[in-house]
Amino acid sequence: MTILREALLVAGKDLRIEARSRVALQQIVPFGGIVLIVFAFALDPDRGLLPRVAPGLFWTAVLLASLLSITRSFSIEEANGARDGLRLSGLDGGAIFLGKAAAVALQLLLLEVVLGLGVVVLYDVSVRGVVLIACTTVVATVALAATGTVYGVLAAGLRARETLVPLLVLPAVTPVVLGGTRAFEAALAGVPSDGWPWVQLLAAFAVLAVVAGVLAFGPLLEEDS
Amino acid sequence: MGRFPVLAGADLDVDAGDVVLLSGPNGAGKTSLLRLCAGLLPLRSGAAEVLGCDLAHDRRSLRRRLSFVGHETFCYDDLTVAENLRFAARAVGRGSGEADFAIARVGLGPQANVVHSRLSQGQRRRLAFAIALARDPELLLLDEPHAGLDADGRAVVDEVVRVAAADGRTILIASHELDRVRQLATREVEIVGGQVRSPVGPAPEPVEVSP
Amino acid sequence: MNARIGVGTKLLGAAAFLSLGALAVFALVVAPPDERQGDAQRLMYVHVPAAWLAYLAFFVTAVASVLWLIPRTRSTTWDLLAGASAEIGVIFTGLALVLGSLWGRPTWGTWWEWDARVTTTAVLFFLYLGYLALRRTGATAQERGTRCAIAALIAFADVPIVHFSVTWWETLHQDATVLDPKLEVNMEGFWMPFTLVWSVFAFTMLYSFLVTVRLRLAELDEGREEKALELAIAERVAVTV
Chain A
1 MTILREALLV AGKDLRIEAR SRVALQQIVP FGGIVLIVFA FALDPDRGLL PRVAPGLFWT
61 AVLLASLLSI TRSFSIEEAN GARDGLRLSG LDGGAIFLGK AAAVALQLLL LEVVLGLGVV
121 VLYDVSVRGV VLIACTTVVA TVALAATGTV YGVLAAGLRA RETLVPLLVL PAVTPVVLGG
181 TRAFEAALAG VPSDGWPWVQ LLAAFAVLAV VAGVLAFGPL LEEDS
Chain B
1 MGRFPVLAGA DLDVDAGDVV LLSGPNGAGK TSLLRLCAGL LPLRSGAAEV LGCDLAHDRR
61 SLRRRLSFVG HETFCYDDLT VAENLRFAAR AVGRGSGEAD FAIARVGLGP QANVVHSRLS
121 QGQRRRLAFA IALARDPELL LLDEPHAGLD ADGRAVVDEV VRVAAADGRT ILIASHELDR
181 VRQLATREVE IVGGQVRSPV GPAPEPVEVS P
Chain C
1 MNARIGVGTK LLGAAAFLSL GALAVFALVV APPDERQGDA QRLMYVHVPA AWLAYLAFFV
61 TAVASVLWLI PRTRSTTWDL LAGASAEIGV IFTGLALVLG SLWGRPTWGT WWEWDARVTT
121 TAVLFFLYLG YLALRRTGAT AQERGTRCAI AALIAFADVP IVHFSVTWWE TLHQDATVLD
181 PKLEVNMEGF WMPFTLVWSV FAFTMLYSFL VTVRLRLAEL DEGREEKALE LAIAERVAVT
241 V
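Protein chains in written order, with this note's numbering: chain A, 1 to 225; chain B, 1 to 211; chain C, 1 to 241.
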């Protein structure tokens, strides 16, 4: 069985669990939404500030929600010794990584569509440069999901994992927040040519994260805790 | 299991097709020995070979060729019996057909679409067996397979073991149900204090496991 | 296991102490104050080496992590060295940030500046903290080694990416704003550049001494764990006798 087919098998498993349990839909997406609203409380909506900082707020909300997604992706492996099950399954570590990261990425994309609508509505943002925005979103999401999945398996099974994962992930993905925000700003300002270089940076980050994950996931999964 | 060594100086030799009963008191190291053979516990010192694979270096190629049935089912609570089984079967390249056949073999047909979290203890054990068999393993590692089951459940376990043995699979069973398993086993080995008791053949060096 | 510090280490410590003392003299007395910044500029002689050490320490952690990950070179020492260097690194990173802030206040007028170097150093600080938190999740090198090593390498690879992206960001919005005066100093005469080089030398000596001592402590700690394990094995075997 090829790596790709194994990855699809794992992704399918994770997505099927999500479809059945609906944790992303009923908990994580609403969490993203309430974060957007909290920002409005924190920053004065009357001063015209919100539309200007909307890209940054969007990516911050996505980042915080992604921590929940990553934690969830690995908490389903905690019960019933499922992590041992993954080790015993004979699946290739890199394939498991690709599958889990892909499932997280898809859930994040769903979240981002909803939050994007939220930002447009709540912060009064007029959308331009849709192509740039779409490409940025896809690449940044892959980068986030891949990095998060590496740290997720790294902290899997540890007692302090719920607090460790955020502490580990946030500093590491600062370039993703930076790139995503700048690209969005360029798109909304009507100057997409300023944004595409950031997409390249995000793409490079995503590639590195995926490579790191494929290499490191197997050994990390084998770690006993 | 903590950081303390469970097996210290265990010597064991098993031939293909053997059905070996591992007996001994709780905490003696039976589970650890099985987990070691499954490649779940790392080998810290000594030498061990399972199915021709060196446990010190080559744990992964082993995994497709054996099945482990323990206290946990390794399943996902939100997935049904059939979905869990198909996932495990496809992971080793088997199809849904084998998965469905295994469900029937352990008598879980009516529960095929019940989610794992709703299964009873006995049903979960049967599911674990179905998964173990669907993978068509050369080696079966069973950790107290009768524990927590009613009479029907235990009968199913006995039947599964009998058929698997007849198929020529090698089976290691750690159990307290000595009378029951002695009828199925070709050999018995006692594990006490992390060491193997009964006389065995020419052995490799002692096996030390510190999880 | 001998718990005493060796002669070599003591000499290293003495050399570090002496060179720091000399640095104090050079930095506070001998070197002239900067034209624009005045005496505040003398903070450079501690801030710059501290920042240099932060990155050096992290580099050592990364190298030690690689040595742990390669099966042929794997040894407890590398895991302990990675941890020791990271601990000292986090202290120097914090020091660099605080000193930079103290230096910046009279120079820029603010306590903080979001330029590439400062921002990257701040992110580095948190990457370290995460790494140290991760180290506490395993009592022996076997338990935590691989996990921590991979975390250290990811963080190490991340630092240049962070730096690059922030630098890029700066160049993009530079043309709109007036260039903020960085903590740049005109190196005049002999004593200013000499003192700066000396400060890097003195701090590197200090780092070497601290890492050596910290590593020793970690080895003793680990030795205690190993001994406990050996005792447990002996007890276990004794049960059957």
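Bear in mind the hints are in silico, worked out from the structure with no lab data behind them.
Since this is a predicted model, take the numbers as computed values, not measurements.
The C-beta atom is built at its ideal place from N, Cα and C for all residues, glycine as well.
Hints are supplied without guarantee of correctness; some may be wrong.
[To be verified] A partial selection of chain B residues facing chain A, derived with a Cβ cut-off under 7 Å: (1) Leu40; (2) Cys53; (3) Glu72; (4) Thr73; (5) Asp78; (6) Val92; (7) Phe101; (8) Arg105.
Against the structure, the hints:
1. Leu40: Hint on Leu40 (chain B): holds, closest Cβ of chain A at ~6 Å, below 7 Å.
2. Cys53: violated, 13 Å
3. Glu72: Holds - the Cβ of Glu72 (chain B) comes within 7 Å of chain A, reaching about 3 Å at its closest.
4. Thr73: Cβ of Thr73 (chain B) sits 5 Å from chain A, so the hint holds.
5. Asp78: holds, 4 Å
6. Val92: With a minimum Cβ separation of about 5 Å from chain A (threshold 7 Å), the hint on Val92 (chain B) holds.
7. Phe101: violated, 19 Å
8. Arg105: Hint on Arg105 (chain B): violated, closest Cβ of chain A at ~20 Å, above 7 Å.
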